[in-house]
Every structure is written in structure tokens, then in C-alpha cells.
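2 protein chains.
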Amino acid sequence: MSAEIICVGTELLLGEILNSNAQFLAQQLAQLGIPHYFQTVVGDNLDRIAQVIKIAQERGSRILLFTGGLGPTPDDLTTEAIASYFQTPLIEDAASLDDITAKFAQRGRVMSSNNRKQALIPQGAKVLPNPVGTAPGVIWQPKPDLLIMTFPGVPREMQRMWHDTAVPYLHSQGWGQQTIHSQTLRFWGIGESSLAVKVQSFFELTQPTVAPYAGKGEVRLRLSAKAASAEEAMEVITPVADQIRAIAGPDYFGCDQDTLAAVVGRALQRRGDTLAVAESCTGGMLGAMLTEVPGSSSYFWGGVIAYANTIKTQVLGVSETDLAQWGAVSAIVAEQMAQGVQRLYGTTWGLSITGVAGPGGATAEKPIGLVYIALAWAQGTMNWECRFGSQHDRELIRHLSACTALDYLRRQLAALE
Amino acid sequence: MSAEIICVGTELLLGEILNSNAQFLAQQLAQLGIPHYFQTVVGDNLDRIAQVIKIAQERGSRILLFTGGLGPTPDDLTTEAIASYFQTPLIEDAASLDDITAKFAQRGRVMSSNNRKQALIPQGAKVLPNPVGTAPGVIWQPKPDLLIMTFPGVPREMQRMWHDTAVPYLHSQGWGQQTIHSQTLRFWGIGESSLAVKVQSFFELTQPTVAPYAGKGEVRLRLSAKAASAEEAMEVITPVADQIRAIAGPDYFGCDQDTLAAVVGRALQRRGDTLAVAESCTGGMLGAMLTEVPGSSSYFWGGVIAYANTIKTQVLGVSETDLAQWGAVSAIVAEQMAQGVQRLYGTTWGLSITGVAGPGGATAEKPIGLVYIALAWAQGTMNWECRFGSQHDRELIRHLSACTALDYLRRQLAALE
Chain Y
70 MSAEIICVGT ELLLGEILNS NAQFLAQQLA QLGIPHYFQT VVGDNLDRIA
120 QVIKIAQERG SRILLFTGGL GPTPDDLTTE AIASYFQTPL IEDAASLDDI
170 TAKFAQRGRV MSSNNRKQAL IPQGAKVLPN PVGTAPGVIW QPKPDLLIMT
220 FPGVPREMQR MWHDTAVPYL HSQGWGQQTI HSQTLRFWGI GESSLAVKVQ
270 SFFELTQPTV APYAGKGEVR LRLSAKAASA EEAMEVITPV ADQIRAIAGP
320 DYFGCDQDTL AAVVGRALQR RGDTLAVAES CTGGMLGAML TEVPGSSSYF
370 WGGVIAYANT IKTQVLGVSE TDLAQWGAVS AIVAEQMAQG VQRLYGTTWG
420 LSITGVAGPG GATAEKPIGL VYIALAWAQG TMNWECRFGS QHDRELIRHL
470 SACTALDYLR RQLAALE
Chain W
70 MSAEIICVGT ELLLGEILNS NAQFLAQQLA QLGIPHYFQT VVGDNLDRIA
120 QVIKIAQERG SRILLFTGGL GPTPDDLTTE AIASYFQTPL IEDAASLDDI
170 TAKFAQRGRV MSSNNRKQAL IPQGAKVLPN PVGTAPGVIW QPKPDLLIMT
220 FPGVPREMQR MWHDTAVPYL HSQGWGQQTI HSQTLRFWGI GESSLAVKVQ
270 SFFELTQPTV APYAGKGEVR LRLSAKAASA EEAMEVITPV ADQIRAIAGP
320 DYFGCDQDTL AAVVGRALQR RGDTLAVAES CTGGMLGAML TEVPGSSSYF
370 WGGVIAYANT IKTQVLGVSE TDLAQWGAVS AIVAEQMAQG VQRLYGTTWG
420 LSITGVAGPG GATAEKPIGL VYIALAWAQG TMNWECRFGS QHDRELIRHL
470 SACTALDYLR RQLAALE
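Quick note, the sequences are listed as chains Y and W, same order. Numbering-wise (the working numbering), the first sequence opens with residue 70 and increments by one. Numbering-wise (the working numbering), the second sequence opens with residue 70 and increments by one.
By construction, these hints were calculated from the structure, which means they are not laboratory data. Be a bit skeptical, because a hint or two may be false.
If chains are identical, the list can't say which one is meant, so a pair holds when it fits in one copy or spans any two.
[What the hints assert, rightly or not] Taking lysine-lysine pairs in the DSS-like style, the calculated list, with each CA pair at most 30 Å apart, reads:
(1) K267 - K435
(2) K267 - K295
(3) K195 - K267
(4) K195 - K172
(5) K195 - K212
(6) K212 - K267
(7) K186 - K435
(8) K267 - K285
(9) K123 - K435
(10) K123 - K186
(11) K123 - K212
(12) K267 - K123
(13) K186 - K172
(14) K435 - K285
(15) K285 - K123
(16) K285 - K212
(17) K123 - K172
(18) K195 - K285
(19) K435 - K172
(20) K195 - K435
(21) K195 - K123
(22) K295 - K435
Whole structure, please, built from the sequences with the hints as guidance.
Listed below in C-alpha cells is the structure:
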């Protein structure tokens, strides 16, 4: 009794998008302990979708998870293909039509006749509601030993529908009684190989397994255990996680959904402190990360994007002489930016970034990837020089700059606790 | 005569990695004009790999591109599975063994007996050399109308082997003489279905084909044509793109890599205008989008992240009375924020955003998704009320807010041209 993931979309065959839906569903099936041996990608084509359903059944797949092809346009054919394969008529689901109509009304947009099509489901199927978009999916057993679920291709919608409806339904049918539960430990300020050397012995474990991942400056260790419940799995995971945290020290910053911004936010909140930022090369990215955290308004008051040098001097009060002498990308300008925003906004902390993100603006002395970060507070000012490497692109350098600024503030706040 | 991509690896079935190899090969096949209707993912299992080969042949795939399963460990089974399916013995390729031995010596590592296995290829196959790793692939015609190529799963190695050897080989066999070239038209401010209704007749075309995509508020139409070169393809695409642009009017904002921020930037640059932003709920995201564009410092001077109300009044000069009477999420506060930042920064334009991104902060009158955008310049001030829908999450509402603000400025700049 295994599941098969079937992703429908010519854009996948043209390589226009990465098939992140297959990865998401694969992870979810693994967590539910539902075996899964094949994934198929097929274009928006009635005959080929039918072929794929036939093959999936013949090779013993009993749960078919479809993504894509539920949209309003004529090349969205998944529902039609499935119904036609099982020679079942499509009927208009009144509740879905009402829901689609209401969503269009709410957004003040005109519903087209195409959208009516999205309310069609095979006779006998249940609607798999889409709380965030207009395309509902279906849950359908066209024959006793076959379960079909369809999801739109938009990852956000698909994931929400999976969690809200599909997983509870699978549980109710007796699937997923064993679970693989994971906890991810997150690190900043250490490379993957350096962390791997420190925690090497843990990679031999089987319960929990420990696996490293790295990307965009962050290193993660995923600890996974198989058990009857998440709680039981955590009993196996927690002692190992504690040992790893003790070995890693301050490079560990949080687990699972914790971001650097969220961790910094909690520390500020505990102290009753407030924060303002002054950004040059990141142009607002640091503020955007901080305000990604719901409730951040209680400690984050805002900031100044000082992209032009005149803004650095006129709004933040950076000295024109120092700017001329040392340049905008310098420790002294970073410090004056941090002091300036802290003073202007009246916050406990001022955090600033100025650097060369590229591709232009580099000199022999100030290469792409050179970034200064500074922190101002009642006790004084600190600054750090970072060299992120000129082989990196603009977006990565900006991302590393904003995260590293948060990380320095995190370490400073931790030192005060 | 079509190709099929077959990715082998249990890590794909567990969702541990994203299948970027499938996307890469799909793009490459599209560029070579080699049709490709199916992709399959299968685990490291002899029987299931054999099943997949059988199915691929039965459905008319004539080029099978395998990735993964060429490593030294016992669970790397791709070569063995293919040879066994065609009942062909594996033989040790002396040149490959020498190459593997040399690479181990070069890295100062001990070669294990497992690695010898990587030099085995089916009798009659050619080696597909791997210049960057130890696992070579094969090029094999086990029967007259079937071509098999195998690549390791490591993307860097696979891509190098594809470019260095596979593409020249395909060309030499008469494949890839035609190319599929695409242009993507991008739209903001219109829903997918409304645009589809307007341009419906184009969906019937076959040269170029026209296909819609939508995500995060943006709608795209991809025009693809098959031709001997990209230039010839563009001769077919351009007149259709022109017609679609004429029908869509101002909802069209750019093509291919054009972002709203880049389009706005070019328009500002043409006029010699400058811009500053004042952000509340987006917290810096609008600035981050604008500064994502290299060279944006010539027109974007920066902005004020006014997350706290005191910053709105003290730094931007929003009236305390109006703020108290109308609330921070109101048209009048948005206008005063835009005016304030335009005045403080001395720019041609001031663009502001204030809204309820959720999950907290909503009231009956001011639901999640209610956002005010305002624009201030010498001619006066304009504001817009947006209702993005309370079913959306914080990140999407913030993204829609920042993009919509750019879009309003884009339309205003276009009206002045």
C-alpha cells in the first residue's frame, strides 16, 4: 500500500520551475510513515495524464497525490483527466462555486466564466477546500482500493490544504499511525565542515539520525526519530539535541522555525529593549527580516534606509569629514550610522550596515563583499568588519550582511543575560 | 522521438533534496528542442528501476537520461539495473579505473574496493567521462531505437558532463538541431483568469505557444517558439507579444527578468527623478526590492521604516491629531508619510505604505489585508486603498503591498511619459 506523487504541468517539463511540491509531499509522506516509491511529472495533456494514472495503479500505488492543473485556464486539465479516466461525469459543486464567487467579490475582482470550471468535481468526490486560493482540490475514491487527492500547483495553497484537510483525512483512514518526527537545530557563524568535525560522532546514530544541511550562510542539523507520536520521538531527540547544543556553544541560535530575527526579538522583549536600524547596502532587508516576525512592533521601532550619502549625513548625522576621509563603507561611518539612528529614534539599540554588495562600486581596497556592521547602545559602540567574498552575488551578500548583523546583536544580547 | 528524465535516489523519495537535476535537464532538452513528456523519480531498487525502464520504452521514450545511483556504495544500483534489464554483462573499463585511481591518489585519499565498482559499464557502452568527480556515466544504445545516458546525482558533476560530452554527442546523432526559445510577459494588477479571458484566442496558437502562470499577485504569459535559433524564434514571438501587450495595456509591466522595481528604476532614471520610501507594515521590504536592482543608488536615496507610531510623527511629521483620529492605517496617514519622507529626503517622489499585515492588529473596520499606499510629488499627493484579503498570511500581504506600491508608481510614471 504505497503512495505516488504525480505533478502535472508543462512548466515542469520545460524546466521553468523547480518541483518543490514533490519534495514537500515526499517529506510529508515520510513523516507519516506512508511508503512512496515513485514520482511522476507529466505535462498538461489529457491522454498522458490518463496513461500515468494507469501505470500508477498497475504498479500498486494506492494513494495518488496530484499537484497542478487545477487553475481556470484551458490547459488546466487534471480534474477532467481523472474524471474521464474513470468515466465519471463532472458536476458543479455549489459550495465551491459560492466560495470562489465570494473570494472574487472580496478582492473586488471580476469573476470570469473560466473560474466556474474550478468548481467542477467528479461525481462522488469530496471537495478538498482551498482556504487561500480559488482552486479547490478533491478527495476521491473512484474504486475501493484507490484514493486520489488533488492540489493546486501553488505551493502555499497546496501546503495549507495538505495540513488542514489531507493529513486529518489520511489519519481518519488509518494511514500515518507511525511518524517520523524531526527537530532542526540552526547555527550561524560556523561553516558546515567545521560543525561536522565537532559533531561527527553523532552522524553514526540511527535513532535519532543526524544529518547536516547548509545554505546561504546558515548550517542546520536535522535530528529525526521514528515513533508512535511526536512526543515519543522528542524523547529520543531531546537528549541528543542537548549534547549537540553544548558542543556547538554560541553558534547555535535556535531550532525549527526560529529565525535570527525572532531570536533577537525574544531577547529584546525579555529585556524591555527597543531597536532601530540604519541600512545602506541592504536597503531595507534587515528591517524586512525583523518585521517578518509577528508582534515585532513591541521592540522594533523602525529604521533609516540611507542609500544615498547625503541621507547618511543629513538624516543620520554622519560626519561629512569622516565620510569623505574614510568612505561610506568604513567602520567609522557604520558606527555613526548606528549612533545616528539610535539617537533619532530614541531606542535602546541602533544597528547599522554599510558595505559593497556589487556588482559595481568595488575598488582594490574595498572589494565586493566588504561590509561593516555596527551596534550602538548606552554603553558605547561596537563594529565588525566582514568579508563575504567577492565571488558571491549581490543578493547573497545582502542576505549574509543582514543575517550577520542580527547575529552580532543576538550574541551581544546573550552576553548580557 | 522523445526523451525521458529518470532520477534515481531514495533521498528524493524522502524529500531530503530538491530535484534540481530534473529542472536542469528539462531546461536543456527544451533548449535543444528535444521533446520530453515525462519525468520519473524512483528509489535505489533494482526491480523498480527495471520497471521504470520498461514503462519509459513502452510509452515511446527514445532517450533515457538517468541521474543518480552511480556512487560507490551498495545502494548505488543504476548501472547494474540497466545492464541487468537488457541482460548485458558489466565489464570493467580500464581507462575509467585508471582515472578513478588517479583521482584518489591526487586527493591523498585511500581508494576502497567499493570504488572499483564505479569503473563497471555494460558491454558495448561508451564511457561518459566525469572530469570533476569519480563516478563516470555511460552512453549506451542497448537496442537500435534507444539511447541511454547516465549521470551522477551531484549537480555540478552532472552539468559538466552534460555540457562537455552529452550535448556534443546528441548533436552528432542529429538531435537538437532545433531550439525552443521563450519570452515571458509579466503583468501586475490583473488576475490570471481576467487576463486569460482577454487573450484567450492566443492560447490556440501553436507557433508560438502561449501559456499563463500566476503566483504571488503576478501573472505571466510564456510565449515559446521552436526554431533553428533564438533569433528566428523571436521573429515568431515578437509580433504576438506586441499584440498581447496592446490588448493588456498598462497591466503589462515587463518581460523576462524585468521586475517591477527595475521597471520603476528605469523610468525614474529616464526622467532624472529620485525616490524615497516610508514603510510601516512592509518594514523595509519595499526598500529591499528597490535596492535589489544593481545601480539603484542613482535614483533611490533611501527611506524611513516607521514601524512605531512615534516614528511616524517625530521623524516623518505625521500629525498626531490625524493619527489619533484616523489611526495609523488610513489614507491620510499614508499621504503624510509619503509627504514626510519626500520632504526629509529631498527627492522627487515619496512613496509610502501603511497597513494591517496580520496576524494581529486587525479590527472589524480594519481587517487583515487592508493597506493604504500613497505617493507624494511636486504636483500633490495620491492615495490608494487596497484590500488584499484576510485569508492571506503576513508575508504574502507584505509582498503584495510592496509590489502594488511599485506598480502604482510605475503607472504614474508611465502616465507622465
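Right, here's what the structure says about each hint:
1. K267 - K435: neither (33 Å within a copy, 52 Å between copies)
2. K267 - K295: within (25 Å within a copy, 52 Å between copies)
3. K195 - K267: For K195 and K267, neither the intra-copy (52 Å) nor the inter-copy (32 Å) Cα distance is at most 30 Å.
4. K195 - K172: Within one copy only: 20 Å inside, 58 Å across.
5. K195 - K212: within (14 Å within a copy, 47 Å between copies)
6. K212 - K267: neither (49 Å within a copy, 40 Å between copies)
7. K186 - K435: So K186 and K435 fail the 30 Å test inside a copy (58 Å) and across (33 Å) alike.
8. K267 - K285: Intra 21 Å, inter 41 Å, cutoff 30 Å: intra-copy only.
9. K123 - K435: neither (60 Å within a copy, 51 Å between copies)
10. K123 - K186: within (25 Å within a copy, 36 Å between copies)
11. K123 - K212: For K123 and K212, the Cα distance is within 30 Å both inside one copy (13 Å) and across copies (26 Å).
12. K267 - K123: neither (44 Å within a copy, 37 Å between copies)
13. K186 - K172: Cα proximity of K186 and K172: one copy only (15 Å, versus 59 Å across).
14. K435 - K285: Result: close within a single copy only, 22 Å intra versus 37 Å inter.
15. K285 - K123: For K285 and K123, the Cα distance exceeds 30 Å both inside one copy (40 Å) and across copies (34 Å).
16. K285 - K212: neither (47 Å within a copy, 37 Å between copies)
17. K123 - K172: For K123 and K172, the Cα distance exceeds 30 Å both inside one copy (35 Å) and across copies (46 Å).
18. K195 - K285: Between copies only: 27 Å across, 42 Å inside.
19. K435 - K172: Only across copies: K435 and K172 sit 18 Å apart there, 52 Å inside one copy, limit 30 Å.
20. K195 - K435: neither (62 Å within a copy, 35 Å between copies)
21. K195 - K123: So K195 and K123 pass the 30 Å test inside one copy only (22 Å; across, 35 Å).
22. K295 - K435: neither (51 Å within a copy, 45 Å between copies)
Figure legend: structure checked against the earlier numbered hints; hints not met, in rising order: 1, 3, 6, 7, 9, 12, 15, 16, 17, 20, 22.
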